[in-house]
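2 protein chains.
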Amino acid sequence: METNMAGHFADRLLDACRRKGSVACVGIDPRLELLPRALCGRLSPATSYLRFARGVIEAVADLVVAVKPQIAFFEALGPDGMKAYAETIICAREAGLVVIGDAKRADIGSTSAAYAEAHLAPGGGFSADALTVNPYFGTDGVAPFIEEAAASGKGLFVLAKTSNPSSGEIQDLKMKGRPLYEVVCGLIDKWGSGSIGRSGYSSVGAVVGATHKEELGRVRRLLKRSILLVPGYGAQGGKAADLAGAFDAEALGAIVNSSRAVIYAYRDAPRRRNYKDAIRMAAAGMNEELDRVRRGR
Amino acid sequence: METNMAGHFADRLLDACRRKGSVACVGIDPRLELLPRALCGRLSPATSYLRFARGVIEAVADLVVAVKPQIAFFEALGPDGMKAYAETIICAREAGLVVIGDAKRADIGSTSAAYAEAHLAPGGGFSADALTVNPYFGTDGVAPFIEEAAASGKGLFVLAKTSNPSSGEIQDLKMKGRPLYEVVCGLIDKWGSGSIGRSGYSSVGAVVGATHKEELGRVRRLLKRSILLVPGYGAQGGKAADLAGAFDAEALGAIVNSSRAVIYAYRDAPRRRNYKDAIRMAAAGMNEELDRVRRGR
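Chains B and G, in that order, give the protein sequences. Just so we're aligned: the first sequence equals residues 506 to 802 in my numbering. Just so we're aligned: the second sequence equals residues 506 to 802 in my numbering.
Incorrect hints may have been included.
No copy labels: a pair is met if it fits in one copy or bridges any two.
Computed list of lysine-lysine pairs in DSSO-like fashion (alpha-carbon distance at most 27 Å, straight line) [claimed, not checked]:
| # | residue 1 | residue 2 |
| --- | --- | --- |
| 1 | K681 | K695 |
| 2 | K679 | K781 |
| 3 | K525 | K679 |
| 4 | K525 | K695 |
| 5 | K744 | K781 |
| 6 | K729 | K781 |
| 7 | K681 | K744 |
| 8 | K718 | K695 |
| 9 | K695 | K729 |
| 10 | K681 | K781 |
| 11 | K781 | K695 |
| 12 | K679 | K695 |
| 13 | K525 | K718 |
| 14 | K695 | K744 |
| 15 | K718 | K781 |
| 16 | K718 | K744 |
| 17 | K525 | K681 |
| 18 | K718 | K729 |
Rather than coming from a laboratory, the hints here were simulated on the basis of the structure. As the structure is a computational prediction, the values presented were derived from the model and not from experiment.
Here chain B stands alone, though its shape is the one from the complex (with noise of 0.2 Å):
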């Protein structure tokens, strides 16, 4: 069943935002190799993958506001794994946090509705609060996640500039002195002025690298509607002071999401117990550091 289905996306993350002085997200990115040891041993991989889930969501869920279970680490073990993806979100969403599904799909339209029944829908296998997509097929590959999410209070966060070091073959090339990242701005704000909310801001946010200090600051001021969704901090290098541009004159309008320097803090930690305190404390230190980044220190 689903919960949260009353009010606009942007809007009601904002609001959770403001609530929890939080602009975290946890990803949630279960590697079996990396798992502390007491949640493998007789299980199988997916329940194994269920119960951290389950423990990272505890360690969490009253510091950030929002989680980003990554489907693909699901989808690697099978329809199995693709349960305890469907069962991370439930779970997520039972314990108060923002889920976005992160599955980065994409096809043409037929194909792409049924894509945002899986994962927006109310009563979708894989129904989460908001869903990343893939721009390359333009307009009539999105629409029907822009549809689904305007009919369910959904929303979805398209892929600008991504963190990854090759982003840029593709995603800079100029066109007319322009790289194709703003291009795709310029559709993610038409694609979103149907669905503004009352917080000024639309259902559909875009994806932008917390490894592109530069590129962050020209998407904020192309993008006035759309909440960045800013992975690639933590693990992947993206630094707090670099994020300082992402964030509207509120100190609000982007989630920051860190994955593995979050849930994999206790492998640091070797004599700590119980691996939800290391995750906690990680969790509770990047909210700080947030905070330094939002309060302009």
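Chain B is fixed; fit chain G onto it per the hints.
Frame of chain B; chain G shown alone:
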């Protein structure tokens, strides 16, 4: 268990084309509202999908070279649908068909590695012979797929110019006079350069919609070492005559996909008792049409 593990993907695909005298691929896109009534009834949607997929496979196995199950339609049914997708792949491979998993996956490198494990690795939960991949992340987002394909004799089809009406919004944008999809073709050629088989084709193919006649010819000339996967034939409006430019001198080098026009052919043949006969007839008709094109008539 894996079958067909021997050899190089492109060589294997071209051998199958020669042996069967076909360059046709049938897309398996199950939709509950379009299935034969006899397959629904008291069955769960996922069971209906699997039965239908088995029927399609049985009807076309000796006629066409490949099938392309579209994961989005299975994903829309949640974990049970994903199980039906996995079983569809196994069933098609057992029937001697080359299976192209149509999932259009891509992410940053470490995440793409998980998708490659799921969709290409021997023993992966959804392991097909080849996978469709989105190029937006650039080289490091595609590299794990290339590596897994090389290690296990599998293939990729990277999106160049997609069949949908809006594809031009991003893919046709000009940079230094060249449309983006041509730049992507340059990357695809590079990505395939380490995996050229005895056929002269690499394991890294390209997707170009049948709805784009001129672009098909241009991509064929740019990508002499990549097999083209050409969707959009049939229901999406691509015509046989427009495909002439997709083939090489031996009338090979491309496979053409039709989904709805083949698998739902029985809906235009209401008096026919067996839906498989209608599918079989449509597949045979597709082979004949493509034969005429390939012979230049």
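Results of checking the hints against the structure:
For a Cα distance limit of 27 Å, the shortest separation of K681 from K695 qualifies both inside one copy, at 20 Å, and across copies, at 26 Å. For the identical chains of this complex, K679 and K781 are neighbours neither inside a copy (45 Å) nor across copies (50 Å), given an alpha-carbon limit of 27 Å. When the C-alpha separation of K525 and K679 is checked against a cutoff of 27 Å, the pair qualifies neither within a copy, at 40 Å, nor between copies, at 45 Å. Taking identical chains as interchangeable, the C-alpha atoms of K525 and K695 are never at most 27 Å apart, the minima being 30 Å within one chain and 48 Å between chains.
In this homomeric assembly, K744 and K781 come within 27 Å of each other (Cα to Cα) only inside a single copy, at 24 Å, whereas the closest approach across copies is 58 Å. Neither within a single protomer nor between protomers do K729 and K781 lie at most 27 Å apart by alpha-carbon distance, with minima of 37 Å and 54 Å respectively. In this assembly of identical chains, the alpha carbons of K681 and K744 never lie at most 27 Å apart, being 31 Å within a copy and 34 Å across copies at closest. Taking CA atoms no more than 27 Å apart as the test, K718 paired with K695 passes inside one copy only; the shortest distance there is 24 Å, against 30 Å between copies.
Only within a single protomer do K695 and K729 lie at most 27 Å apart by alpha-carbon distance; the minimum there is 12 Å, versus 38 Å between protomers. Neither within a single protomer nor between protomers do K681 and K781 lie at most 27 Å apart by alpha-carbon distance, with minima of 50 Å and 52 Å respectively. In this homomeric assembly, K781 and K695 never come within 27 Å of each other (Cα to Cα): the closest approach is 42 Å inside a single copy and 45 Å across copies. Proximity of K679 and K695 under a CA criterion of 27 Å is satisfied in both settings, with 20 Å inside one chain copy and 21 Å between copies.
Taking identical chains as interchangeable, the C-alpha atoms of K525 and K718 lie at most 27 Å apart only when both belong to the same chain, with a minimum of 26 Å there against 54 Å between chains. Taking CA atoms no more than 27 Å apart as the test, K695 paired with K744 passes in neither setting, with 30 Å inside one copy and 33 Å between copies. Taking the shortest alpha-carbon separations for K718 and K781, neither the intra-copy value of 31 Å nor the inter-copy value of 57 Å comes in at or below 27 Å. For the homomeric pair K718 and K744, the shortest alpha-carbon distance inside one copy (9 Å) is at most 27 Å, but the shortest distance between copies (47 Å) is not.
Proximity of K525 and K681 under a CA criterion of 27 Å is satisfied in neither setting, with 43 Å inside one chain copy and 48 Å between copies. When the C-alpha separation of K718 and K729 is checked against a cutoff of 27 Å, the pair qualifies only within one copy, where the shortest distance is 17 Å, while the shortest distance between copies is 39 Å.
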